[in-house]
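Student: For the protein sequence lines, the chains are A and B, in the order given.
The first sequence maps to residues 0 to 448 in numbering that gives the first Met the number 0.
The second sequence maps to residues 0 to 448 in numbering that gives the first Met the number 0.
Quick caveat, the hints were computed from the structure, so don't treat them as lab data.
Among the clues, some could well be false.
Treat identical chains as interchangeable: a pair holds within one or across any two.
Restricting the straight-line Cα-Cα distance to at most 35 Å, the calculated cross-link-like pairs of lysine-lysine (DSBU-like) are [unchecked claim]:
hint : residue 1 : residue 2
1    : Lys4      : Lys278
2    : Lys196    : Lys4
3    : Lys122    : Lys372
4    : Lys397    : Lys122
5    : Lys403    : Lys122
6    : Lys4      : Lys372
7    : Lys372    : Lys278
8    : Lys282    : Lys25
9    : Lys372    : Lys245
10   : Lys278    : Lys245
11   : Lys403    : Lys25
12   : Lys403    : Lys282
13   : Lys4      : Lys245
14   : Lys278    : Lys25
15   : Lys397    : Lys278
Keep in mind it's a predicted model, so treat the numbers as computed, not measured.
In case you want the letters, here they are:
Protein chains: 2
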Amino acid sequence: MSDYKIQLSERDSPSHWYNIAADLDKPFAAVLGGDGQPATADSLSAIFPDTLIEQEMATERWIEIPEPVRQIYQQWRPTPLHRAHRLEQLLETPAKTYYKNEGCSAAGSHKPNSAVPQAYYNKLAGRTRLTTETGAGQWGSSIAWAGQMFSLEVMIYMVNISYQQKPFRRSMMQTWGGQVVASPSELTAAGRDQLAKDPNTSGSLGIAISEAVEDAASRADSSYTLGSVLNHVLLHQTIIGQEAIKQFEIAGDYPDVIFAPCGGGSNFAGVAFPFLADKAAGKQVELIAVEPSSCPSLTRGHFAYDFGDTAGLTPMMLMYTLGHDFIPPGIHAGGLRYHGTAPQLAQLVERGLISAIAVDQIPTFEAGVLFAKAEGIIPAPESNHAIRAAIDEALRCKESGEQKTIFFNLSGHGHFDMLSYDRYFAGELENFDYPQAAIDEALAGLPQT
Amino acid sequence: MSDYKIQLSERDSPSHWYNIAADLDKPFAAVLGGDGQPATADSLSAIFPDTLIEQEMATERWIEIPEPVRQIYQQWRPTPLHRAHRLEQLLETPAKTYYKNEGCSAAGSHKPNSAVPQAYYNKLAGRTRLTTETGAGQWGSSIAWAGQMFSLEVMIYMVNISYQQKPFRRSMMQTWGGQVVASPSELTAAGRDQLAKDPNTSGSLGIAISEAVEDAASRADSSYTLGSVLNHVLLHQTIIGQEAIKQFEIAGDYPDVIFAPCGGGSNFAGVAFPFLADKAAGKQVELIAVEPSSCPSLTRGHFAYDFGDTAGLTPMMLMYTLGHDFIPPGIHAGGLRYHGTAPQLAQLVERGLISAIAVDQIPTFEAGVLFAKAEGIIPAPESNHAIRAAIDEALRCKESGEQKTIFFNLSGHGHFDMLSYDRYFAGELENFDYPQAAIDEALAGLPQT
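Excised from the complex, chain A in its bound form (with noise of 0.2 Å):
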């Protein structure tokens, strides 16, 4: 047979998450507290079970994945890396196209990856109710599936513009036993708070997340959990790149370049940051964040210290920010409107082991229609974003004649997003853009690094 499908066996799965606080040569910066010095793990103990924030904190190269959730992760790993002939042969290119499905998972993305673990250690530290917040419901979904095989309370503030736009996300969480909410919502401070300055907001992840930080804080029976951003969450996720890594060798092929969607940046991390070890080992690879136009923080975000959510609750990170009280616009890509990035992917960025570009909304829905009648799935809108990346690049290949190999993260399937679809094929989709000079009002109280 061909290479339509490279399958890794089962006992070829990752035993171990990859941590790249071990492979710098000079540190990630440090997480201030309110008082302005490094956050300590005591200060994060509140909200988060002690395993996780020694995962947040932790620089040994390789964390072992506890069986349980190694049994947990075989219902839908190792996924799949696909050789995309038929988007080659419909596009004429001489570029060799690769991706892996992560839409594998029963909620549909790569979030399980994180959820899953997140559930257990919570389990294990005695924990019985998580809160979280959500944009398209991926993240949401993931959290509601895990905290139910652990015999959680899971409560979600999902954001507004995703509540309205996807009905059917929330059918799903509620489905596997999770409530569920619109942020901003009465129910906290932080929702009271942005529901008073517009009644009609579209909500932004950062709301979300304060009024799920806020809630965990209040109830001792209670963790937030994040599905980006932070170290651990990152550090999960690194099980699809170490993946993708076997199953290029089996393919007897390695990636030139390597595109993946980037909100807050689980997912691309997921994938780049075992590259990255490989990179720093003299291969050559190039990684490049797809980020939505209309929420541009790599691109053209300060990289400043800011705040993870609007209200401030959480400690301040050195990332690129487009200011934490920005709202994106309500693009379909739910899961990528999102005013910062993940610190460690910030700094990466910074540093230039690792780049960034920011493509428009039309396109990628463009994009993601030839990629369905190509390959068959149909993709999330925020997996679109990599999508339209790596078409792009193939058709730069199809210019210049290169045969070179490109590999995107498929980070889900886009079956509770098919009014997205409607829209785009309706022409009702918009592109959205800013003038830098807004966006460095909105950034002008950070301080600088």
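Following the hints, complete the assembly by docking chain B onto the known chain A.
Tutor: Chain B alone, transformed into the frame defined by chain A:
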């Protein structure tokens, strides 16, 4: 690691479809043309290409799967066999439960197993356009996708109630380039006739078949394609059961009882027929088709010659039927709303080799939610029928202490059925049942055997 998932390697993937017609003591009854005589290949050639007619009438045991079809199968096949450990724990049953996940395909069900070869053989025969009907949209999606892969136009008559209940299935078909119309439609004489009788009809698979057959027969460029009932469709689906047999070998286990949902019968036959060959060779295995009590063809219909469609455009087939003008109530398992059953399957039921049971709508959703909580995957309403039966069997084992091995087919996921789940949670679903007299009356006009 454990046996949570039994994955078959690419190279162990079946190379041939299994044709049960080769293994019978007594041949299947002939299909009858309009003149009451056995239908000839010629009489079918207006709507099918020769290769598929040959497969329809084939008596050899193994039919090779063409290489281009195997390449496409490879995108999602072999599908995993899962041991449902968490479901067993939840039920506290000593039974072992396994399910095969056919929801992995891009279209979300087992239907592409036949859509891909049907599109392939039509392309070879020079047809440029396919027509079909669809209930829940599982088949329509599959043929839209398969048509796209072979550059064929696809025209889909979608049963009106499903067209209303599942708008995003429609978007999915359109994303793959399919043209979709609610059935009955104004486009065909059969459709106009039904609309004249009842402009607000919920439609049925029988009516939609009439429309798709009429459309194909009226155009030289077009073939009709069907997602179930016909011998060649059942043949293509046998890849499921063949894979499962190999996977049970790997697991070192073998099912005592097998359940699959049954509407037209392709999903059930696909799982059951290869096991039936095992049974003929001496293995002990019970094969049980699970149908909705609102459309109980196998359990309460008559064994008689009847048309496959409402308007009487198809040949007459010997099957269990509720009468070709029976319009089932608008249950959410749209794929099971068919008045008859595949003749091969019906005749094996009549010979006592296969049995059948019927289950009510509400308990199927209850089973589906329980399964989703245990195993993560949210099942299609059709699949919930098999899950209900499997759970009932597991609960009987709990009572009796028996350690049976139960196997069921998870024919598809429910990502496009969340509205149905919402209605279930809101207490808005109904059970349906019919007095036998009403069924007998509907059947009074049919010839008996």
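Student: Compare the structure with each hint and give your call.
Tutor: Status of each hint after checking the structure:
no.	hint	result
1	Lys4 with Lys278	both (25 Å within a copy, 34 Å between copies)
2	Lys196 with Lys4	neither (51 Å within a copy, 51 Å between copies)
3	Lys122 with Lys372	between (43 Å within a copy, 17 Å between copies)
4	Lys397 with Lys122	between (52 Å within a copy, 29 Å between copies)
5	Lys403 with Lys122	between (46 Å within a copy, 32 Å between copies)
6	Lys4 with Lys372	both (17 Å within a copy, 30 Å between copies)
7	Lys372 with Lys278	within (34 Å within a copy, 41 Å between copies)
8	Lys282 with Lys25	within (21 Å within a copy, 65 Å between copies)
9	Lys372 with Lys245	both (28 Å within a copy, 32 Å between copies)
10	Lys278 with Lys245	within (15 Å within a copy, 41 Å between copies)
11	Lys403 with Lys25	within (32 Å within a copy, 59 Å between copies)
12	Lys403 with Lys282	within (15 Å within a copy, 53 Å between copies)
13	Lys4 with Lys245	both (13 Å within a copy, 20 Å between copies)
14	Lys278 with Lys25	within (16 Å within a copy, 67 Å between copies)
15	Lys397 with Lys278	within (26 Å within a copy, 55 Å between copies)
When each numbered hint is compared with the structure, a violation occurs for hint 2 only.
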